[in-house]
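**Student:** All chains, please: the whole structure from these sequences, using the hints.
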Amino acid sequence: MALVKGSNLATLPVPQPARDLATLLADLAAAEPSVRRAAARDLALHPEAAMAACDRLVMEASPSVRAVLFTTLIHLQSPAVAVRLAALLRSDDAPLRNAAIEALQEMPDAFAAHLQELLADDDSDVRIFAVNILGALRHTQAPVWLAGVVRSDPHVNVCAAAVDGLAEVGGLEALADLEDLRRRFDGNAFMEFAIDAAMRRIRGE
Amino acid sequence: MATATVAHLKASSPVMTDEEFAKFCEFFYRKTGIQFQDGKKYYVERRIADRIEKTGSDSFRDYFTLVRFEANGEELQFLVNSMTVNETYFFREDYQFDALVGGILPEIARTKRRGDPIRIWSIPCSSGEEPYSIAISILERWDQADSWNIEICASDIDSKILHEARKGLFSERSVSRVSAQLRSKYFVPRIGGDFQICDALRESIDFSLVNVVDPLHTHRFRNIDVIFCRNLLIYFDDVGRRETVEMFFDALGPGGYICLGHSESMSRMSSIFVPRKFKESIVYQKPLSAE
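Taken in sequence, the protein lines are chains A and B. For the first sequence, our numbering assigns the number 1 to the initial residue and increments by one for each residue that follows. For the second sequence, our numbering assigns the number 206 to the initial residue and increments by one for each residue that follows.
Don't take each hint at face value.
Simulated crosslink set (PhoX-like; lysine-lysine; CA at most 20 Å straight-line) [said to hold, decoys possible]:
{"id": "1", "chain 1": "B", "residue 1": "Lys390", "chain 2": "B", "residue 2": "Lys372"}
{"id": "2", "chain 1": "A", "residue 1": "Lys5", "chain 2": "B", "residue 2": "Lys228"}
{"id": "3", "chain 1": "B", "residue 1": "Lys246", "chain 2": "B", "residue 2": "Lys228"}
{"id": "4", "chain 1": "B", "residue 1": "Lys317", "chain 2": "A", "residue 2": "Lys5"}
{"id": "5", "chain 1": "B", "residue 1": "Lys236", "chain 2": "B", "residue 2": "Lys246"}
{"id": "6", "chain 1": "B", "residue 1": "Lys365", "chain 2": "B", "residue 2": "Lys236"}
Derived from the structure by calculation, the hints contain no laboratory data.
**Tutor:** As structure tokens, this is what we get:
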């Protein structure tokens with residue numbers, strides 16, 4: 001025995017031609033996760049199926065199928081998809097919520113269209129998640145939006161998250177806003193520490 | 206005439222504008238999953254200038270038309286071959302081979318049905334150093350090797366380097382980490398100081414051309430037990446990485462493993478694999494109850 005040349009791999013059937021949308025949607029509800037995974041992947045070729053993929057996401061229990069659904073939604077990104085994914089920021093299911101954050105980070109323009117609404121949300125946790133997304137968003141306006149949070153959000157943890165974000169993507173123009181924030185939360189040791197760290201990072205010290 | 210035009214281009218002006226560079230990168234990414242940042246423009250430009258000259262194209266625009274619309278895809282393959290990096294050597298990052306023979310394979314052997322093959326996939330395999338190192342490690346250091354049928358598949362997107370891998374001819378530098386004892390056992394000295402892998406080993410590896418972003422290439426890889434995918438994903442963007450590891454998830458059998466390069470971490474790409482530590486190596490496992 002020991003090393004043998006693979007023989008079985010070459011005999012596998014070639015994949016079927018692209019399946020129609022109705023078949024894919026039916027497969028998305030199949031019992032077998034590998035069938036759902038394949039359907040979720042192929043839905044990336046059907047922009048009209050984005051909402052169906054979002055619907056499936058909230059009921060899908062298999063982590064591997066979820067992962068593919070998120071990847072497909074990144075391909076099909078639109079403001080409407082971003083709205084549906086942003087709704088998952090309220091989920092108690094932490095892996096689902098984190099996967100939504102990662103997916104939203106991959107759709108800068110679609111997310112940006114919905115951003116102000118999220119930054120004005122009554123729930124400070126939702127605002128923190130939105131700020132976390134901003135900190136890794138490939139969008140030229142991200143530092144401007146983070147500075148806006150620093151200037152206006154009343155919640156200390158939301159502001160602290162924005163300070164973290166500015167440490168990553170902020171420029172020298174953010175320094176004045178950070179000094180103002182220090183005064184706004186005067187005496188808060190953690191904020192003091194976070195602002196000092198961010199300013200050092202921005203200055204390249 | 207065309208050559209003169211290109212020579213002129215090389216001497217006095219960029220081969221392509223920034224806009225053309227962006228367009229080319231988008232096309233190349235779509236076809237291969239490989240992404241070039243702005244800092245790589247010189248690298249890309251030099252190789253394109255060479256292909257413009259070799260194909261007798263008049264300009265970047267002419268050449269780009271050829272690459273995009275040529276029915277047999279031959280020029281695209283030449284371009285891919287010229288853009289890929291193939292620098293490697295035997296027993297590179299050998300702590301992963303230690304993990305393979307000392308931990309991963311024994312664990313697979315405990316759960317696998319007798320008679321079923323153990324499948325290992327090396328991708329990208331470049332000029333063959335990695336799959337041959339895997340083979341030698343198994344034959345030399347896994348005491349159960351003779352009890353199993355072990356299939357080693359080795360794939361790369363670069364057809365020229367695959368040809369080199371099949372030939373199995375290596376320089377002194379490439380085999381510098383191979384002991385004299387292993388050299389005499391698995392290599393044949395050739396004229397010019399090169400070393401050729403023995404026929405038995407060469408013939409035991411299944412080499413194939415595979416583009417990881419093309420499902421037509423990857424669909425046949427199923428029930429793989431261990432994937433070595435080292436220093437490939439660093440060239441992909443986040444979405445390309447996600448798609449590739451999801452493809453690997455389908456290719457692996459339940460409980461299968463992925464070994465990544467030392468600077469790569471699965472946690473930044475996907476949460477569907479479980480990190481496992483074997484000796485000095487962190488590898489990633491598809492859960493046994495994976496679905």
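**Student:** All hints are to be evaluated individually against the structure, with a verdict given for each.
**Tutor:** Tested hints:
1. A threshold of 20 Å between alpha carbons decides the hint, and for Lys390 of chain B with Lys372 of chain B the separation of about 17 Å falls inside it, so the pair holds.
2. Under the criterion of a C-alpha separation no larger than 20 Å, the hint pairing Lys5 of chain A with Lys228 of chain B is inconsistent with the structure, at around 41 Å.
3. Distance hint between Lys246 of chain B and Lys228 of chain B is fulfilled; the C-alpha atoms sit about 12 Å from each other, no more than 20 Å.
4. Taken as a hint, the Lys317 of chain B and Lys5 of chain A pair is honoured in the structure, with Cα atoms around 19 Å apart against an allowance of 20 Å.
5. For the hint pairing Lys236 of chain B with Lys246 of chain B, the CA-to-CA distance comes to about 18 Å; that is within 20 Å, so the pair holds.
6. With a C-alpha separation of about 18 Å, the suggested pair Lys365 of chain B and Lys236 of chain B falls inside the 20 Å cut-off, and the hint holds.
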